[in-house]
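K.L.:
These are the residues of each chain, in order.
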Amino acid sequence: GIQVEQSPPDLILQEGANSTLRCNFSDSVNNLQWFHQNPWGQLINLFYIPSGTKQNGRLSATTVATERYSLLYISSSQTTDSGVYFCAPRDKIIFGKGTRLHILP
Amino acid sequence: DTGVSQDPRHKITKRGQNVTFRCDPISEHNRLYWYRQTLGQGPEFLTYFQNEAQLEKSRLLSDRFSAERPKGSFSTLEIQRTEQGDSAMYLCASSQYGPNEQFFGPGTRLTVL
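Protein chains in written order, with my numbering: chain Y, 1 to 105; chain L, 1001 to 1113.
Honestly, I wouldn't trust all of these hints.
[What the hints assert, rightly or not] No farther apart than 25 Å at their CA atoms in a straight line, the calculated lysine to any residue pairs in the SDA-like style are these: (1) Y:K97 to L:R1081; (2) L:K1057 to Y:S19; (3) Y:K97 to L:K1014; (4) Y:K97 to L:G1072; (5) Y:K97 to Y:D27; (6) L:K1011 to L:T1111.
For the record, the hints were derived by calculation from the structure and aren't laboratory data.
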């Protein structure tokens, strides 16, 4: 089946820094979602992005389906950005292992 | 609140007991999904329904796991004869028909002693 790899697995940054999280998938996908899992376990939708680029405030995401990857950009990080970020190709119902982000005050 | 809800939020049980979890999806969503998440891992797909039909159940972890959605609205996930390895977060999600955006509930955290 399809493999989803996320990198880096862990990231520690100072508040105010920018970061790029990557999601690679081994097969073509039609739709991709990015989620943020907060410390209480709630998965929060960030983007639903089959292709192209979307922006929402300090966050933006780009999916290049033909090259089988997606990127999540976080600018001017805040401590509330801490948590685990997951990507999931929707039609394959599979999640990556996540990137654990810790923003230091 | 019109989001996905799950009940209970936490469940502690003794090994060998049966447990049942409930999920109420977003009202206009006809697809409902169950996932399990263990520490340090991403959610692992278990099963999903379209309306009352269970379209995929081969990934249920064992025959001790079963799910129902009898009227196409809420769903239940039952684990019989629980084992310590069943301790995990059980997540429910819903979406409209097709590979559309999923929305997750807060999860039920199961601890098997």
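K.L.:
Provide an ascending list of the numbers of those earlier hints which the structure does not satisfy.
P.N.:
The structure conflicts with hints 1, 2, 3 and 4, although it agrees with all the remaining ones.
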